[in-house]
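First to last, the protein sequences are chains F and H.
For the first sequence, this note's numbering assigns the number 24 to the initial residue and increments by one for each residue that follows.
For the second sequence, this note's numbering assigns the number 24 to the initial residue and increments by one for each residue that follows.
Calculated directly from the structure, the hints in this document are not laboratory data.
Heads up, some of the hints might be wrong.
Note: identical chains are not told apart, hence a pair may lie in one copy or across any two.
[Said to hold, decoys possible] Quick list of in silico lysine-lysine cross-link-like pairs, DSS-like style, CA-CA up to 27 Å:
{"no.": "1", "residue 1": "K223", "residue 2": "K51"}
{"no.": "2", "residue 1": "K99", "residue 2": "K205"}
{"no.": "3", "residue 1": "K205", "residue 2": "K237"}
{"no.": "4", "residue 1": "K223", "residue 2": "K205"}
{"no.": "5", "residue 1": "K238", "residue 2": "K205"}
{"no.": "6", "residue 1": "K54", "residue 2": "K205"}
{"no.": "7", "residue 1": "K205", "residue 2": "K82"}
{"no.": "8", "residue 1": "K223", "residue 2": "K54"}
{"no.": "9", "residue 1": "K51", "residue 2": "K205"}
{"no.": "10", "residue 1": "K51", "residue 2": "K77"}
{"no.": "11", "residue 1": "K82", "residue 2": "K99"}
Computed from a predicted structure; not experimentally measured.
Number of protein chains: 2
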Amino acid sequence: MSYEIFETKERILAENDNSAERTRQALKENKTFFINLMGSPGAGKTSTLLHIIKRLGSKYRIGVMEADVESDVDAKTIADTGVRVIQLHSGGLCHMDADMTSRGMERMGIEGLDLLIMENIGNLVCPAEFEVGADLRLVVLSVPEGDDKPLKYPLMFTVGDVVLVNKIDAAPAFDFDIEAFKPRVLALNPNALFFPISAKTEEGIDEFCSWLEKKIDERRAEYEAD
Amino acid sequence: MSYEIFETKERILAENDNSAERTRQALKENKTFFINLMGSPGAGKTSTLLHIIKRLGSKYRIGVMEADVESDVDAKTIADTGVRVIQLHSGGLCHMDADMTSRGMERMGIEGLDLLIMENIGNLVCPAEFEVGADLRLVVLSVPEGDDKPLKYPLMFTVGDVVLVNKIDAAPAFDFDIEAFKPRVLALNPNALFFPISAKTEEGIDEFCSWLEKKIDERRAEYEAD
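Isolated chain F (complex conformation):
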């Protein structure tokens, strides 16, 4: 008797890639730059997002998808800024996959948006496994979490394009050594970029937002040229 071996996880990831491709097409049609914002619970994803909106909101039309297991505390905060926002509930799941992301985009509507940001579920493990079709994978790691996190959660720092090292104002109070942290990330992803920031004191926020603005303009120019 012959039988089939069904690689469930491979199948799930293949389907995920299809959904990510659908998202990329939608982004291209709308000339929208898409950021997948990831990090631990409490790393400072929402407060960083607020600074991005404040700095870039007059230049770009911004939309935000707030993903959470439950609650809508973050969506409320973001809605107060006046940008387009939707709260996505994962129904117990610990990450957003490409299909959930694509459905969220369809539900909110990305027409007319220059910049779309999805705040993923606070988790250093699972969201890293699911490519959602973003132009930028932005990881927020906060100083109190410790400089050893790339050793323990390597996939997140392998897929992350940029690491925002947040709460840098609290560095003296915690044993966080950014010079030890950086090579641990670069060993996983030699192209990773770092911005030490403080969403509280706003240190480093302008530098990051200037970099991001350039990146968005480059990508949108590519869309125009296509």
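Got chain F; can you put chain H on it based on the hints?
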């Protein structure tokens, strides 16, 4: 045509319960008190664990299972204290289920241990879904993570018996309101207990360890009486 509806998740959780029961039997045979230590990456699980070992290591024979996606940095730290320790790798998974826990215990050997502690993978979502057969579900939540976390990660605070509010020395630097935090947890689990601690300054550690000691002695007396 009739067809089957297979509730995969229910089946997985039912099998998980069987494995948890196997673990409870092993704990009973060995009169071992078992703690499932959970929390976000960088909340301070390992440093709290070191304090427990220091306070209770002369009274109890302690064993530690360090669960990580990768690396063995925590196991190395724990091994330096001289207690029995094993590093468990989850192979990419974001939590330890009951079967992985039970296999870890068999591999390390819990014979002669009074106290067994498993440091789960840093994650506020998935580990909460899997009952591993522990006597105590101990959650470490650190002040920099924010007092809104029970709203966003309700299951963890529903299953947690005790919440250690760590890095309490840093409270003035962060907007953490413990009086706002507690009712959010109690709404999910009215029996939850709280200990504000600082693994850095050792504030509150003695109080928690005294409480834990009493709890361990009570449980072991029950085993003796059986």
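Intra/inter-copy verdict for K51 and K77 if alpha-carbon distance must be at most 27 Å
Close inside one copy (25 Å), not across copies (58 Å); limit 27 Å.
If the cutoff is 27 Å on CA atoms, where do K51 and K205 land: within, between, both or neither? Let me know, please.
The answer is neither: 33 Å in one copy and 46 Å across copies each exceed 27 Å.
Homo-oligomer pair classification [K51, K223; C-alpha up to 27 Å]:
neither (34 Å within a copy, 50 Å between copies)
Within, between, both or neither: K223, K54 at alpha-carbon 27 Å
Cα proximity of K223 and K54: none, with 32 Å in one copy and 49 Å across.
Within a copy, between copies, both or neither: where do K82 and K99 come within 27 Å Cα-Cα?
within (23 Å within a copy, 50 Å between copies)
Within, between, both or neither: K238, K205 at alpha-carbon 27 Å
within (22 Å within a copy, 43 Å between copies)
Intra- versus inter-subunit Cα pairing at 27 Å for K54 with K205:
neither (33 Å within a copy, 45 Å between copies)
Given a CA cutoff of 27 Å, do K205 and K82 count as a within-copy pair, a between-copy pair, both, or neither?
Neither, since 32 Å and 41 Å both go past 27 Å.
First find the shortest C-alpha distance between K205 and K237 inside one copy, then the shortest across copies, and answer within, between, both or neither for a cut-off of 27 Å.
within (23 Å within a copy, 44 Å between copies)
When no copy is named, should K99 and K205 be tagged within, between, both, or neither for a Cα gap of at most 27 Å?
between (34 Å within a copy, 22 Å between copies)
With identical chains treated as interchangeable, where does the CA-CA distance between K223 and K205 reach 27 Å or less: within a copy, between copies, both, or neither?
For K223 and K205, both the intra-copy (22 Å) and inter-copy (24 Å) Cα distances are at most 27 Å.
The structure is inconsistent with the numbered hints 1, 6, 7, 8, 9, although it conforms to all the rest.
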